[in-house]
Amino acid sequence: MDGQLSAPTQATSLFDQTVIPGDIIVDLPSVANLRVGSGLRQDCFELLAMKVGTLRYKKPNKYWLESSHKRYDPSVEDTILGIVVGRNSENFLVDIKSSSLALLPVVAFEGGTKKNIPKLEIGSLLYVRVVKANHGTNPELSCTDASGKAAQFGPLKEGYMFDSSTGLARMLLSTPTCPVLQAFDLQRFKIVIGLNGRIWVNASTPSMVVLISNAIMASEFLSASQQANMVKELTDQLQTRCSRTVGFITVNSKSAVVNSTS
Amino acid sequence: MEQRLANTWHMTINEKKFIESALSKNIRVDGRSPVDYRQLTIKFGREDGSSEVQLGETHVIGLVSGQIVQPYRDRPNEGTLAIFTEFSPMADPAFEPGRPGEFAIELGRLIDRGLRESRAVDMESLCIVAGKSVWAIRVDLHILDNGGNLIDTANIAALAALLTYRKPECTLGGENGQDVVVHDPEVREPLPLIIHHMPVAVTFAFFNEGDAMVIDPTHKEEAIMGGRMTATLNSNGDVCAVQKAGGDGVSLSVITHCLRLAALKAVDITSKIKNAVDSYNTARALRKVKRHNALVAPDITVPDSVMKGNQIGQLAEHQAQKFKEESTKTFDTETVVGIPKETVLFNKKNINFIRKDSDSFIGGPSNWDPYSQSIPPTFVRSSQIFPGSSTVDHKKEARTMLIESNSEETKSNNASSGLSRTSSMSQQRTTPKSLKDAVKPKSERKNRPSPASAAN
Numbered sequence: 001m002d003g004q005l006s007a008p009t010q011a012t013s014l015f016d017q018t019v020i021p022g023d024i025i026v027d028l029p030s031v032a033n034l035r036v037g038s039g040l041r042q043d044c045f046e047l048l049a050m051k052v053g054t055l056r057y058k059k060p061n062k063y064w065l066e067s068s069h070k071r072y073d074p075s076v077e078d079t080i081l082g083i084v085v086g087r088n089s090e091n092f093l094v095d096i097k098s099s100s101l102a103l104l105p106v107v108a109f110e111g112g113t114k115k116n117i118p119k120l121e122i123g124s125l126l127y128v129r130v131v132k133a134n135h136g137t138n139p140e141l142s143c144t145d146a147s148g149k150a151a152q153f154g155p156l157k158e159g160y161m162f163d164s165s166t167g168l169a170r171m172l173l174s175t176p177t178c179p180v181l182q183a184f185d186l187q188r189f190k191i192v193i194g195l196n197g198r199i200w201v202n203a204s205t206p207s208m209v210v211l212i213s214n215a216i217m218a219s220e221f222l223s224a225s226q227q228a229n230m231v232k233e234l235t236d237q238l239q240t241r242c243s244r245t246v247g248f249i250t251v252n253s254k255s256a257v258v259n260s261t262s
Numbered sequence: 001m002e003q004r005l006a007n008t009w010h011m012t013i014n015e016k017k018f019i020e021s022a023l024s025k026n027i028r029v030d031g032r033s034p035v036d037y038r039q040l041t042i043k044f045g046r047e048d049g050s051s052e053v054q055l056g057e058t059h060v061i062g063l064v065s066g067q068i069v070q071p072y073r074d075r076p077n078e079g080t081l082a083i084f085t086e087f088s089p090m091a092d093p094a095f096e097p098g099r100p101g102e103f104a105i106e107l108g109r110l111i112d113r114g115l116r117e118s119r120a121v122d123m124e125s126l127c128i129v130a131g132k133s134v135w136a137i138r139v140d141l142h143i144l145d146n147g148g149n150l151i152d153t154a155n156i157a158a159l160a161a162l163l164t165y166r167k168p169e170c171t172l173g174g175e176n177g178q179d180v181v182v183h184d185p186e187v188r189e190p191l192p193l194i195i196h197h198m199p200v201a202v203t204f205a206f207f208n209e210g211d212a213m214v215i216d217p218t219h220k221e222e223a224i225m226g227g228r229m230t231a232t233l234n235s236n237g238d239v240c241a242v243q244k245a246g247g248d249g250v251s252l253s254v255i256t257h258c259l260r261l262a263a264l265k266a267v268d269i270t271s272k273i274k275n276a277v278d279s280y281n282t283a284r285a286l287r288k289v290k291r292h293n294a295l296v297a298p299d300i301t302v303p304d305s306v307m308k309g310n311q312i313g314q315l316a317e318h319q320a321q322k323f324k325e326e327s328t329k330t331f332d333t334e335t336v337v338g339i340p341k342e343t344v345l346f347n348k349k350n351i352n353f354i355r356k357d358s359d360s361f362i363g364g365p366s367n368w369d370p371y372s373q374s375i376p377p378t379f380v381r382s383s384q385i386f387p388g389s390s391t392v393d394h395k396k397e398a399r400t401m402l403i404e405s406n407s408e409e410t411k412s413n414n415a416s417s418g419l420s421r422t423s424s425m426s427q428q429r430t431t432p433k434s435l436k437d438a439v440k441p442k443s444e445r446k447n448r449p450s451p452a453s454a455a456n
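Going down the list, the sequences are from chains S and F. Position one of the first sequence corresponds to residue 1 (the working numbering), numbered consecutively onward. Position one of the second sequence corresponds to residue 1 (the working numbering), numbered consecutively onward.
None of these hints come from the bench; they were simulated from the model. Certain hints may be false.
One-sided excerpt, in silico: chain F residues whose CB lies under 8 Å from chain S [claimed, not checked]:
1. Ala-6
2. His-10
3. Met-11
4. Thr-12
5. Ile-13
6. Asn-14
7. Lys-17
8. Ser-21
9. Lys-25
10. Ile-27
11. Met-90
12. Ala-94
13. Phe-95
14. Gly-98
15. Leu-259
Yeah, the Cβ is synthetic: ideal placement off N, Cα and C, and Gly gets one too.
Let the hints inform the model, and build the full structure from the sequences given.
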């Protein structure tokens, strides 16, 4: 296996590098109390990469892989957007863009008991937190934070949702604020970003929502200045055509075409 | 059951409500106006009759093939046209492999009706022997990605493929003159189908109980729409087909409005298809020409003032015989006999050409022969070790390449494939060049009837 070529002593050179599945990351006995994040798997004394991605390390003992995919691999403490697709007596069945449906206990809400189960229709969009994510079993979700408070989790009303890759969602959540979101600073809008690649936007007018969603979808592979320019172009076009029923010109970049999601 | 739920695509209530409310204000989610099409890209494959069409995210491939069959009893002098659709599961999680679903059948039927009922494809020209042999044209449409509006995309793919398809030329031959002889595309140029006009499908989606209407719906819009209507028109404004299968009812005024819009869109799409097909045909013709030049290339790079005339002679011969195929046939019979005779014949022919053309060509070769002045004649004479002029060697060279590359070809294919292989081999040989490379030793020279090299 190619992974054996990367000797443990060279592990530090792999930090912030792209690794491929099978690469051995670090020799474990040297590190105690290891925290393994997404994309990595602990195999006896080796940490193996399971995906293609960039290896990240946070002292003293946290390792994880950053990668961008269209599908989502659930990992604990991620905040994601799920769609209710069914219900049984104990759980809501929620689709989270993963290989299996996730289970949201009907009591996993602030002050939730068997008597006051919230009425969630099929097709409701929820902002939830991943509580359990083991390979082989259905992931478990919760609409409360660790202390039991609602903390903005729960169903989202109105607005518009669209799909993107997990990498774009992470980019939008990064600090400092992503340029494409910053360019809209003057406008007032609400946005909820799920780490599973789902993004919800709401604004005062539908045209604003359409503008923001298209700008975000087009921004994945653009640089900061390109993003700012693109947003400026789109807002200008919107203003010149606000009363006419003519659409936007599609952003002239290959990335926009490649990255637009259905 | 749970696995099926996990793998299907789900739409949220939020999206549904938002798209409907935005449409009531004539705003579409991707920023288009309600009457705009998405970006249309038409590409073609290497073979004739294969097209690849992308309309936004929707991706369809069209393939046309032909077969000779017996005609239907009630139409003995007409060919047949059949449309087959394949909804690949990779296009949409809702597509199941195996039996075509209801929509797959509707799509195939719609495209078939647009082409057949309007007589867009000329059926009588597909007849070879009335009552016995006709061409059965088959159009296969493969859906690769469902981004919404499969009908329009598949229709464009079918049209583009039909316009670029070439059927092999057939003649009647055999003992009783009733057998159909299908000529190889290398021997006789295949013929395009006769298409009278282009029926273009334009799909409309209705929302909010007929209040809002959009053209070219996306996947999300299709999931919410109340009803759908497809109008197939050509650029003349003739209505070839209209299909509205269930869904919300719409008033007559809306339908006439849609038909008028469809007429405008049909003109636009027809011109796009025509442009794409024209550029494909130009590229195809250029491909044919390039092969021809490559054959002449090795001759050109071997310079000789004496050979000048021979080369011109050869070039003239190539061009002359390209147009006169009958003369090659007679040449063929002449060279069938044996080795020495053929050599003699070749020699004679070349000498005749040399004499003829060195008289008529004065400044010709220096335009395309860069080495004509730089190589001394002594160098050239060393290459003329064997009897006969070097042009004979070149011809034999062409034939030896022929022979080396294809020893088992059938007679009818020999010339044609030899032509293409010679060209490919000569293309490969252009890089390491020397006079000695150009001349094959006598032992390796074999003589065979080669109308191909003569046909050059």
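We went through each hint and held it up to the structure:
no. : hint    : in the structure
1   : Ala-6   : holds, 5 Å
2   : His-10  : holds, 5 Å
3   : Met-11  : holds, 7 Å
4   : Thr-12  : holds, 4 Å
5   : Ile-13  : holds, 4 Å
6   : Asn-14  : holds, 5 Å
7   : Lys-17  : holds, 7 Å
8   : Ser-21  : holds, 6 Å
9   : Lys-25  : holds, 6 Å
10  : Ile-27  : holds, 5 Å
11  : Met-90  : violated, 14 Å
12  : Ala-94  : violated, 13 Å
13  : Phe-95  : violated, 14 Å
14  : Gly-98  : violated, 23 Å
15  : Leu-259 : violated, 20 Å
Violation of the numbered hints given earlier is confined to hints 11, 12, 13, 14, 15; the remaining hints are satisfied by the structure.
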